[in-house]
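Here the sequence shown is numbered in the numbering used here, starting from 401 and rising by one per residue.
These are calculated hints, taken from the structure and not from any lab test.
Check before you lean on any hint, since a few could be wrong.
[What the hints assert, rightly or not] Computed Cβ-Cβ distance ranges for the label pairs, DEER-style:
| # | residue 1 | residue 2 | range |
| --- | --- | --- | --- |
| 1 | Leu507 | His466 | 37 to 43 Å |
| 2 | Gly468 | Lys424 | 27 to 33 Å |
| 3 | Pro506 | Ala402 | 18 to 24 Å |
| 4 | Trp428 | Asp465 | 29 to 35 Å |
| 5 | Lys424 | Pro463 | 34 to 40 Å |
| 6 | Glu511 | Gly468 | 33 to 39 Å |
| 7 | Gln437 | Gln414 | 33 to 39 Å |
| 8 | Thr405 | Leu467 | 45 to 51 Å |
| 9 | Trp428 | Pro463 | 33 to 39 Å |
| 10 | Gly406 | Leu516 | 28 to 34 Å |
| 11 | Asp465 | Leu516 | 31 to 37 Å |
| 12 | Gln445 | Ser530 | 19 to 25 Å |
| 13 | Ala404 | Gln531 | 26 to 32 Å |
| 14 | Arg533 | Gln414 | 43 to 49 Å |
The beta-carbon is built from N, C-alpha and C at its ideal position, and this holds for glycine as well.
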Amino acid sequence: MAMATGLATLEVLQRQNLPAQAAKRGQWLREQLGLLQQRYPAMGQVRGRGLMLGIEIVDERQPADHLGSFPMDPELAVAIQQHCFKQGLLLERGGRNGNVIRLLPPLIITEEQCQLVIQRFEEALKGALSQVRK
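Given only the sequences and the hints, what does the whole structure look like? Please build it.
Written out as structure tokens, the structure reads:
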């Protein structure tokens, strides 16, 4: 039974070309997050592979270290996650101090859904910034 399930899953992955679609959508999301990063300095590094992306949340108001990295801002990351949740966007937090927002959309995400992710993330980021950094 498990072998048949695994084989059926592999067939769907191939037929729908899901690995290539995930790479394409992930690249688009990463580019859009890069554009947001230019407007919102609280977004540190954006990293990941395919659809598994992480957005480092930093406190750019504090001095950077000798490598140019700003301190982590887990409080802002929590607020972003909560604002996203209110908009129906479920995100995880990770990283050593919970300051990395993790996007983990399904392989079958559409272009329209990717656009919604970016729109909702930006709205959540704005709301969280106004809440935490009054």
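Cross-check of the supplied hints:
In this structure the supplied range 37 to 43 Å holds for Leu507 paired with His466, their Cβ-Cβ distance being about 40 Å. For the pair Gly468 and Lys424, the beta carbons lie near 31 Å from each other, so the given range of 27 to 33 Å is met. Between Pro506 and Ala402 the Cβ separation comes to about 22 Å, which falls inside the hinted range of 18 to 24 Å. Distance hint for Trp428 and Asp465: a CB-CB separation of about 32 Å, consistent with the stated range 29 to 35 Å.
As the Cβ distance of Lys424 to Pro463 is approximately 39 Å, the hint placing it in 34 to 40 Å holds. The hint said 33 to 39 Å for the Cβ distance between Glu511 and Gly468, and at roughly 35 Å that hint holds. A C-beta distance of roughly 34 Å is found between Gln437 and Gln414, which places it inside the suggested range of 33 to 39 Å. A C-beta distance of roughly 47 Å is found between Thr405 and Leu467, which places it inside the suggested range of 45 to 51 Å.
Between Trp428 and Pro463 the C-beta distance comes to about 34 Å, which sits within the given range of 33 to 39 Å. A beta carbon spacing of about 32 Å between Gly406 and Leu516 agrees with the range 28 to 34 Å that was offered as a hint. Distance hint for Asp465 and Leu516: a CB-CB separation of about 36 Å, consistent with the stated range 31 to 37 Å. For Gln445 and Ser530, the Cβ-Cβ distance of about 23 Å falls inside the hinted range of 19 to 25 Å, so the restraint holds.
Restraint check, Ala404 to Gln531: a C-beta distance of roughly 50 Å breaks the suggested window 26 to 32 Å. The hint said 43 to 49 Å for the Cβ distance between Arg533 and Gln414, and at roughly 47 Å that hint holds.
Checked against the numbered hints given earlier, this structure breaks only hint 13.
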